[in-house]
Amino acid sequence: MEQGYEEIEHTADWSLRVKGQDLGELFRNAAFGMAGLMGISTENGPLHMYRLELKAEDPEALLVAFLEEILYRVEFTAESVEDINFSSISTNALSAAITYLPVVEVEKAIKAVTFHLLEILESERGFETVIVFDV
Amino acid sequence: MIRKQDLKQISAFRWEIPVSFRKDMRVPVHIFADPELLEAALGDKSIEQAINSATLPGLVGQVLVMPDVHQGYGFPIGGIAASRYPDGIISPGAIGYDINCGVRLLATRIPYEKIEPYLDELADSLYQNCPSGVGVSGHILLSKQELKRVCREGAGWALKHGYASRNDLDRTEETGCLAGADPEAVSERAMQRGRSQLGTLGAGNHFIEVEIVEQVFDEKAAAAMGLRIGQLAVQIHCGSRGFGHQICSDYVREFQEAVRRYNIHLPDRELVCAPLNSVEGERYLAAMNCAANYAFCNRQVLAHYARKAFEEVLTGHVSDWDLYQVYDIAHNMGKLETHVLAGKEVRVCVHRKGATRAFGPGFKGLPDVYRSLGQPVLVPGSMGTASWVLLGTEGSMRQSFGSSCHGAGRVMSRKQAKREVRGSDLRQHLEAEGIHIRAGSMSGLAEEAPRAYKDVDRVIEVVVGAGIAAKVARLKPLVVIKG
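Protein chains in written order, with the numbering used here: chain A, 1 to 135; chain B, 1001 to 1483.
Think of the hints as simulated: they come from the structure by calculation, not from any bench. Just so it is clear, the structure is predicted and the values come from calculations on it, not from any experiment. Think of the CB as a built atom: it goes at the ideal place given N, C-alpha and C, for glycine as much as any other residue. Accuracy of the hints is not assured; some may be wrong.
[What the hints assert, rightly or not] As a list, the in silico DSBU-like pairs of lysine-lysine whose alpha-carbon atoms are at most 30 Å apart: (1) K1160(B) with K1148(B); (2) K1160(B) with K1144(B); (3) K1415(B) with K19(A); (4) K1471(B) with K1364(B); (5) K55(A) with K1144(B); (6) K1476(B) with K1114(B); (7) K1471(B) with K1114(B); (8) K1415(B) with K1004(B); (9) K1418(B) with K19(A).
[What the hints assert, rightly or not] Under 10 Å between C-beta atoms, here's a sample of chain B residues computed to sit facing chain A: (10) A1223; (11) A1452; (12) G1483.
In isolation and in its complexed conformation, chain A is listed as follows (with noise of 0.2 Å):
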């Protein structure tokens, strides 16, 4: 798990083991996986930012509600992540300057972020889930 995701085995959909040392590093390695999944190609030309503010009652609802805002940016105002610079990030809120190059195309559809069995695991190693998307 070279680049702190790999795709593993689902029947229908597609599901995503993700690691990071910390929960900054599980999130933006969530993101990438995700877009990677999606097979994304963007505009080359100047990067952009947007400044994201969540809350949530526990890190799992937190970690789909980041993926849904991406997932919402990357259809709806065609904005694919670059890079992920959290000023803060807890169990339940995050902060953070999201950098993005419009989108020139993205080959598969990511219908949702499920909560299908999600579980962030905390151990010595860092954090670790597996994410669900439904496709």
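Could you slot chain B onto chain A? The hints should help.
Here is chain B on its own, set in the frame of chain A:
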């Protein structure tokens, strides 16, 4: 891990996991399958997901699993669960993100021989007229007010605006409009996403196919549907697009809190639910009905543009190129229905996720032409094999809350399909078999390879053998349009 020995065979095509299997189950799980399809179902997490679903409060009867079942998220694809009205639950995850994903079948009077020289041109025209792909916009940009009308009127909006005929609506489940839709229960974000996507196909496993009627098994029913051997038909498979996805996402998130409020304990957060008679449950149902109506209207607008494609290509070559609606039916929906349980009529909310309503003869909601026959059930297969037209039966009313299968069902992961199949090779192979393919993504095409699916004919033999559907016709693809 569920093993075959954990199951009890209760008839030739029906197997039971009793409530005693796991202490949190509230109802048994019944699986419709033959031994081979049962092995396939036990090969992934489908049955585990069905058992998890059997813990939902207020369920009645059994959680039912169709032979085309495969692993989904929370609730399995190919699952059916009925909850008691009004104090049972409604679960957005047990209906799915693509609310009212469904199938429309249109018949033609065009013999294959007449159209064969134009199939390639027709594939191009359908691909151009019916927008497909990720997040794509359609020919219509709705104002917010107009989108609210679509939410309330469903396919009726399309009739008012010249995209439908009265006959189209008469031959659509619920005449293309569910009552009780309330746009005020829909988020601003969902409204934003819905404005530009009406009349679009989307991506993934959604498709438009031109097919040939290859076999007819019930002459009377096929004649009523306008299906004749050797003539063409068109099938459209899609749903409520980003509008429905957003509504489901919104309510799955909102219901995370609702389950705590109502002290509901579940083995999977994707199964979150709320009582049907709660404020949350009523709001979700009102929003879900909006998405369902959007999807009916979406397939109607796509049918309009499919007709336009036929007109553009066939005018001057074929005298009657029109497309006549056979039926339009959902396979991701939650609906309030009355069923007979233990000899008593009960009002229930039937969750069908990857399962088709299959009401038998005599159902009043059917148009006159089908009332004595039963409701048409449309079962698309994979793009290289076949699709089926079936009828609902008295058996489906007795055994499966008036439900049947919805497709072939996946058996291979998308990851494995991509590993084993190259999209360009598959396209070449299918074209050598006379199937014209137009697809936005070769990798996406590989994921949808026929070998990733179960044998649809085998699935049909199970539902027919179990008595929950009857065969009418088998269709073979000639043109496949995928996003």
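Hints, one by one, checked against the model:
1. The hinted pair formed by K1160(B) and K1148(B) meets the criterion: a straight-line CA distance of about 14 Å does not exceed 30 Å.
2. Note on K1160(B) and K1144(B): the hinted pairing holds, with a Cα-Cα distance of about 17 Å set against a maximum of 30 Å.
3. A threshold of 30 Å between alpha carbons decides the hint, and for K1415(B) with K19(A) the separation of about 19 Å falls inside it, so the pair holds.
4. Annotation: proposed proximity of K1471(B) to K1364(B) holds, straight-line Cα distance about 22 Å (limit 30 Å).
5. A threshold of 30 Å between alpha carbons decides the hint, and for K55(A) with K1144(B) the separation of about 28 Å falls inside it, so the pair holds.
6. With a C-alpha separation of about 17 Å, the suggested pairing of K1476(B) with K1114(B) holds against the 30 Å cut-off.
7. A hinted pair counts as satisfied when its Cα atoms are at most 30 Å apart, and K1471(B) with K1114(B) qualifies at roughly 27 Å.
8. Pair hint K1415(B) plus K1004(B) holds up; C-alpha atoms about 27 Å apart against a cutoff of 30 Å.
9. Of the pairs offered as hints, the one joining K1418(B) and K19(A) holds, with about 24 Å between alpha carbons and a cut-off of 30 Å not exceeded.
10. At a threshold of 10 Å, the smallest CB-CB gap from A1223(B) to chain A is about 36 Å, leaving the interface hint violated.
11. For the restraint placing A1452(B) at the interface with chain A, the shortest Cβ-Cβ distance is roughly 9 Å, inside the 10 Å limit, so the hint holds.
12. For the restraint placing G1483(B) at the interface with chain A, the shortest Cβ-Cβ distance is roughly 7 Å, inside the 10 Å limit, so the hint holds.
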